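A.B. asks: Now for the letters of each chain:
Number of protein chains: 2
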Amino acid sequence: MNITIQHIIDHLTAKVELPKTTVDQLITGSPNQTVTGVFVTFMPTQHVIEHAIQRGANLIIAHEPPFYNHHSHTDWLADDPVYENKRKLIENGGVAIYRCHDAIHRFQPDGITEGLVQALGWSSSIAYRKPEADLLSFPEGMTVQLIAEHIKRSLGIEYVRVAGDPKMVCRRVAVLVGFRGNGNLTIPLLHQEELDLIIAGEGFEWETPEYIRDAVQQGKQKALLMIGHAESEASGMKLLSERLATTFPELPVHFIGEQPVYQVL
Amino acid sequence: MNITIQHIIDHLTAKVELPKTTVDQLITGSPNQTVTGVFVTFMPTQHVIEHAIQRGANLIIAHEPPFYNHHSHTDWLADDPVYENKRKLIENGGVAIYRCHDAIHRFQPDGITEGLVQALGWSSSIAYRKPEADLLSFPEGMTVQLIAEHIKRSLGIEYVRVAGDPKMVCRRVAVLVGFRGNGNLTIPLLHQEELDLIIAGEGFEWETPEYIRDAVQQGKQKALLMIGHAESEASGMKLLSERLATTFPELPVHFIGEQPVYQVL
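Residue numbers (the working numbering), protein chains in the order written: chain A, 696 to 960; chain B, 696 to 960.
If you are wondering where the hints come from, they were derived from the structure by calculation, not from laboratory data. Predicted, not measured: the structure shown is a model, and the values here were computed from it. Careful, some of the hints might be misleading.
[As the list claims (entries may be wrong)] SDA-like mimics (lysine to any residue), calculated; alpha carbons at most 25 Å apart, straight line: (1) B:Lys-915 <-> A:Lys-915; (2) A:Lys-847 <-> B:Ile-852; (3) A:Lys-862 <-> B:Pro-776; (4) B:Lys-783 <-> A:Gln-916; (5) A:Lys-915 <-> B:Thr-942; (6) A:Lys-915 <-> B:His-742; (7) B:Lys-783 <-> B:Thr-729; (8) A:Lys-862 <-> B:Glu-953; (9) A:Lys-933 <-> B:Phe-899; (10) A:Lys-915 <-> B:Glu-745; (11) A:Lys-915 <-> B:Pro-776; (12) B:Lys-710 <-> B:Glu-945; (13) B:Lys-862 <-> A:Lys-933; (14) A:Lys-915 <-> B:Gln-720; (15) B:Lys-915 <-> A:Lys-847; (16) A:Lys-783 <-> B:His-746; (17) B:Lys-825 <-> A:Leu-884; (18) B:Lys-847 <-> A:Glu-853; (19) B:Lys-783 <-> A:Asn-879; (20) B:Lys-933 <-> A:Thr-769; (21) A:Lys-862 <-> B:Glu-853; (22) B:Lys-710 <-> B:Gln-720; (23) B:Lys-862 <-> B:Val-959; (24) B:Lys-715 <-> A:Phe-899; (25) B:Lys-915 <-> A:Gln-741; (26) B:Lys-915 <-> A:Thr-769; (27) A:Lys-783 <-> B:Glu-853; (28) A:Lys-783 <-> B:Gly-914; (29) B:Lys-915 <-> A:His-765.
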């Protein structure tokens with residue numbers, strides 16, 4: 696039986712109820728197309744798309760959009776040469792791009808958080824799960840510094856950003872992926888769950904880290920590790936690719952990562 | 696004559712039309728209070744407030760809010776101990792906090808951008824000014840790496856984040872402060888102004904740096920230096936403090952900075 700893009704979309708969305716305003720959609724390509732190969736990725740960059748085409752894959756499942764805005768609008772990019780080149784590459788290469796963002800965050804448990812915690816080897820440290828975060832309980836002796844080094848080693852990244860004291864001991868920790876690093880999510884968690892440390896992807900600089908700064912100035916034991924949006928979410932897409940490969944054994948399914956988008960100078 | 700808080704607010708807002716939804720407001724204190732001393736700052740942190748009280752200043756003029764959200768809402772923080780401690784410190788210390796955000800961005804030219812470009816010693820390199828950015832023209836031989844080192848040295852910061860090639864030569868550069876680092880502002884600028892480099896404060900990780908990554912993969916000469924929200928805006932508040940000291944010579948007016956909220960590990 697030929698597997699079409701629609702078969703894969705149906706599989707990805709079978710057990711979730713997407714919000715009415717979901718960003719999940721087939722951004723390019725046609726649902727009836729027969730799938731020759733799947734590339735799963737965090738960000739469908741120019742490089743990822745080129746690589747998929749070279750390898751004969753005609754479906755990219757991406758967590759983020761190809762055109763630099765969450766809602767995949769393109770009108771504002773009409774004359775932009777980078778957008779034009781990328782759009783032509785996609786068209787000429789015959790690559791379909793399906794955005795899998797809201798669905799995977801609605802898996803039970805959240806497929807992105809699950810992938811990160813698994814990649815960090817912390818699944819057995821989960822105390823409990825909330826929709827927006829995994830709450831972890833660490834043994835004695837873990838410090839912010841040691842946790843940062845473990846994250847860098849596990850994810851193969853060069854740096855993380857920290858607010859608070861690197862020498863602080865951490866027992867109660869929450870992991871929040873992607874753009875869940877803002878104060879409206881992290882600050883109630885820090886207080887209600889009596890957390891020592893928040894590990895998050897990305898968030899406004901004037902919210903969570905400034906709260907941590909004030910908490911430390913007040914003598915409280917609080918810290919934050921901001922590890923990067925992609926760095927916090929790519930592992931979840933890798934886990935998804937492994938599951939798709941099991942569900943569709945007749946299809947070549949590969950995960951493809953990217954270098955961190957920023958380096959520090 | 697006694698100078699009241701209202702006198703200073705009137706001075707700050709005399710030449711600008713604030714939007715109806717402005718965040719600029721007297722967050723604590725009373726407009727009729729006589730001012731004993733002014734601390735000007737980017738972020739009214741616990742430490743800044745403690746320091747102002749110790750020095751006998753009863754007015755803090757801050758660019759950002761004290762309570763970890765842009766609109767200075769506090770209902771969601773009702774039981775939070777860090778918020779409670781900070782609120783009591785402000786009350787007991789009798790410190791008024793005035794938020795000067797929208798006004799200074801509406802100065803002609805934008806007082807925050809002006810302060811940053813001045814602090815970087817680049818005022819004579821300004822080709823022209825747009826409301827959201829200063830456009831600079833650099834002499835031959837400036838690279839992303841050299842510019843990054845200059846910024847770090849000038850602002851006294853430990854690191855900046857870069858997307859693109861550090862060795863790339865830059866002639867046409869735009870400087871955007873604060874949260875103006877998003878794609879809706881930077882991407883049209885990059886294209887229309889034929890820029891090599893964007894220098895910005897903060898922005899979504901999935902927008903501008905991903906555009907730069909794709910542009911580079913397409914063989915284009917584009918780069919981004921993200922220097923941090925506070926790092927891009929504090930100099931503008933320092934410039935404001937110098938101007939206030941000149942306007943109100945009878946008042947002690949001081950600028951107070953903070954350490955960068957993040958360090959890299």
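A.B. asks: Take the hints in turn and mark each one as holding or not.
C.D. replies: Going down the list of hints, with the structure as the test:
no.	hint	in the structure
1	B:Lys-915 <-> A:Lys-915	48 Å, violated
2	A:Lys-847 <-> B:Ile-852	23 Å, holds
3	A:Lys-862 <-> B:Pro-776	23 Å, holds
4	B:Lys-783 <-> A:Gln-916	20 Å, holds
5	A:Lys-915 <-> B:Thr-942	40 Å, violated
6	A:Lys-915 <-> B:His-742	14 Å, holds
7	B:Lys-783 <-> B:Thr-729	21 Å, holds
8	A:Lys-862 <-> B:Glu-953	21 Å, holds
9	A:Lys-933 <-> B:Phe-899	22 Å, holds
10	A:Lys-915 <-> B:Glu-745	16 Å, holds
11	A:Lys-915 <-> B:Pro-776	10 Å, holds
12	B:Lys-710 <-> B:Glu-945	22 Å, holds
13	B:Lys-862 <-> A:Lys-933	32 Å, violated
14	A:Lys-915 <-> B:Gln-720	30 Å, violated
15	B:Lys-915 <-> A:Lys-847	30 Å, violated
16	A:Lys-783 <-> B:His-746	58 Å, violated
17	B:Lys-825 <-> A:Leu-884	41 Å, violated
18	B:Lys-847 <-> A:Glu-853	19 Å, holds
19	B:Lys-783 <-> A:Asn-879	22 Å, holds
20	B:Lys-933 <-> A:Thr-769	39 Å, violated
21	A:Lys-862 <-> B:Glu-853	19 Å, holds
22	B:Lys-710 <-> B:Gln-720	16 Å, holds
23	B:Lys-862 <-> B:Val-959	22 Å, holds
24	B:Lys-715 <-> A:Phe-899	24 Å, holds
25	B:Lys-915 <-> A:Gln-741	12 Å, holds
26	B:Lys-915 <-> A:Thr-769	20 Å, holds
27	A:Lys-783 <-> B:Glu-853	41 Å, violated
28	A:Lys-783 <-> B:Gly-914	15 Å, holds
29	B:Lys-915 <-> A:His-765	24 Å, holds
Of the numbered hints stated above, those contradicted by the structure are hints 1, 5, 13, 14, 15, 16, 17, 20, 27, listed in ascending order.
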